Each structure stands twice: as C-alpha cells, then as structure tokens.
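Start from the sequences and build out the full structure, keeping to the hints where you can.
Line by line, the protein sequences are chains A and B. For what it's worth, this note's numbering labels the leading residue of the first sequence as 67, then goes sequentially. For what it's worth, this note's numbering labels the leading residue of the second sequence as 4, then goes sequentially.
In case anyone wonders, no lab produced these hints; they're calculated from the structure. Bear in mind the structure is a predicted one, so any value in this text is a computation, not a measurement. Fair warning: there could be bad hints in the mix.
[Stated by the list, open to error] In silico DSS-like pairs for lysine-lysine, Cα to Cα no more than 25 Å straight-line: (1) A:K84 x A:K137; (2) B:K102 x B:K72; (3) B:K6 x A:K123; (4) A:K137 x B:K6; (5) A:K83 x A:K123; (6) A:K84 x A:K131; (7) A:K137 x A:K123; (8) A:K123 x A:K84; (9) A:K123 x A:K135; (10) B:K102 x A:K131; (11) B:K102 x A:K135; (12) A:K135 x A:K83; (13) B:K6 x B:K72; (14) A:K135 x A:K84; (15) B:K102 x A:K123.
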Amino acid sequence: EAQVTQNPRYLITVTGKKLTVTCSQNMNHEYMSWYRQDPGLGLRQIYYSMNVEVTDKGDVPEGYKVSRKEKRNFPLILESPSPNQTSLYFCASSFRETNYGYTFGSGTRLTVV
Amino acid sequence: DAKTTQPNSMESNEEEPVHLPCNHSTISGTDYIHWYRQLPSQGPEYVIHGLTSNVNNRMASLAIAEDRKSSTLILHRATLRDAAVYYCILGLGAGNNRKLIWGLGTSLAVNP
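Below, the structure written as structure tokens:
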C-alpha cells in the first residue's frame with residue numbers, strides 16, 4: 067500500500083531532550099515536507115525537500131532540523147524541544163512536478179512539558 | 004502571500020449534493036487549486052486539484068471560475084463518512100517549490 071509512515075504517533079517529552087520524528091514513504095516521491103498544525107493557525111510548513119540532499123526552510127523552521135540522506139526518509143529533529151513546539155506534526159510527500167497531489171502521514175502528536 | 008477564504012462550517016443531509024465554496028482572489032497564473040479533507044485524528048487526505056479547467060475524479064468534482072478567483076468542491080452524494088474539515092489550498096507554482104498555502108477550512112457536518 068502506498069503510504070507515508072510517521073513514528074511515533076504520540077510522544078510526551080521534557081524540555082531540552084533531543085528527539086527525532088521519523089517519516090518514510092514508499093512511493094519514490096522526490097518531494098517531502100513537514101507541517102505543524104495548531105488550533106486557529108492551520109497547517110504551517112516547517113521544512114521541505116525537493117530531492118535527496120536538498121532541503122530548505124518553510125515558514126516556521128526555528129527550533130527544527132531535517133535531513134534527506136535517502137529518498138524515502140525525511141526525519142524531523144528537535145535538538146532542544148520547548149513547550150511552544152507542542153503541536154500535531156504531519157509529514158507529506160509528492161512527485162516533484164506541480165500537477166500531483168500530496169500524500170500525508172497520520173500525524174505525530176508531540177507534547178513538550 | 005496568496006490565501007483562500009472558506010466558510011467556517013456547512014451542513015448537509017446524507018445522499019444530497021454538497022457545494023463547498025472557496026475564494027482565492029489573489030491567485031497567480033501558475034498556482035494550482037487543491038482540496039484536501041481531514042477526518043478527526045487523521046492526516047489530511049487528497050481530494051482533488053486543478054489549474055484552470057473543471058476536474059472530476061471518483062471522490063468529487065472541482066469547478067473553477069473562469070477568472071480563477073473562486074472554486075467550488077462538489078460532493079455529488081454526501082455520506083456520513085464525508086463529515087470532515089475540507090481545506091481549499093493554493094499550491095504555489097513554478098519557482099515557489101510547491102508550497103501549499105493552507106486556510107482554516109470548512110467543517111462539514113452530514114446529517115443522516
């Protein structure tokens with residue numbers, strides 16, 4: 067089944083403890099992206115990647131890092147999480163051309179205390 | 004930045020058609036119009052997208068105004084499983100790295 071897989075689905079952590087949220091897709095998509103969803107603010111893009119070893123900042127990149135060493139994986143790294151990063155996170159992927167839709171993962175609900 | 008405007012909520016009856024409107028008056032010539040929906044506790048799900056012409060697929064139809072400043076998502080026969088938040092989104096075109104500009108969506112309730 068074609069899908070985007072995120073892990074973990076739920077995570078509670080403490081301020082300052084480094085964490086990684088994994089994202090993997092099995093559709094050979096070039097484009098991958100991370101979003102966070104907050105009440106009243108909708109989905110906002112954190113980082114995106116147009117292909118392997120090509121990443122760039124979205125609208126809210128502060129406090130996050132990403133890497134794209136392989137086509138299928140696009141992990142989101144929080145080096146020193148803070149409570150304002152408590153949110154629902156989604157990974158998405160697509161083919162690079164503009165006439166394709168996106169496939170989203172099921173989400174990771176992160177709570178930083 | 005380009006943006007979309009949708010009603011906060013709409014209601015429909017089961018097995019009736021639903022027309023979900025969206026205004027995007029600042030759309031640029033290369034921007035695609037996307038629709039996604041999000042069921043509770045799930046990730047957004049692709050519904051349909053188009054550039055200039057009306058589009059049909061197994062889930063829905065997309066009617067795009069001639070001036071492209073508005074569009075309508077049409078669910079031909081609503082079912083209870085169609086109750087979700089529907090997002091009208093602009094997919095920025097060439098040179099904008101495929102960025103999606105999200106609004107707050109329309110929450111659709113479907114009555115049995």
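Practice task
Measure nothing beyond the straight line between the CA atoms of K6 (chain B) and K123 (chain A); if it is 25 Å or shorter, mark the hint as holding.
Solution key: holds, 20 Å
Problem - 25 Å Cα cutoff - pair K102 (chain B), K123 (chain A) - result: holds, 11 Å
Problem - Pair hint K102 (chain B) and K135 (chain A), alpha-carbon separation not exceeding 25 Å - result: holds, 21 Å
Exercise for the section: Verify the proposed pairing of K84 (chain A) with K131 (chain A), using a straight-line Cα cut of 25 Å. Expected result: holds, 11 Å
Handout entry: Given pair status - K84 (chain A), K135 (chain A), alpha carbons within 25 Å
Key = The given pair, whose Cα atoms are some 20 Å apart, holds under the 25 Å limit.
Practice task
Mind checking the alpha carbons of K123 (chain A) and K135 (chain A) for me, to see if they're no more than 25 Å apart?
Solution key: holds, 17 Å
Practice task
Starting from K102 (chain B), check that the Cα of K72 (chain B) is at most 25 Å away, please.
Solution key: holds, 19 Å
Exercise for the section: Compare the distance between the alpha carbons of K123 (chain A) and K84 (chain A) with 25 Å, and conclude whether the hinted pair is satisfied. Expected result: holds, 20 Å
Problem - Given hint K123 (chain A) paired with K83 (chain A) - CA-CA distance at most 25 Å - result: Given that 25 Å is the threshold and the Cα spacing comes to 23 Å, the pair holds.
Practice task
Please work out if K137 (chain A) and K6 (chain B) have their alpha carbons no farther apart than 25 Å.
Solution key: Violated: K137 (chain A) and K6 (chain B) sit about 31 Å apart, past 25 Å.
Handout entry: Restraint check for K6 (chain B) with K72 (chain B), where alpha carbons must lie at most 25 Å apart
Key = With Cα atoms ~11 Å apart, K6 (chain B) and K72 (chain B) stay inside 25 Å; holds.
Handout entry: Straight-line alpha-carbon gap K135 (chain A) to K83 (chain A), limit 25 Å
Key = holds, 23 Å
Hint compliance for this structure: hint 4 is the single one not met.
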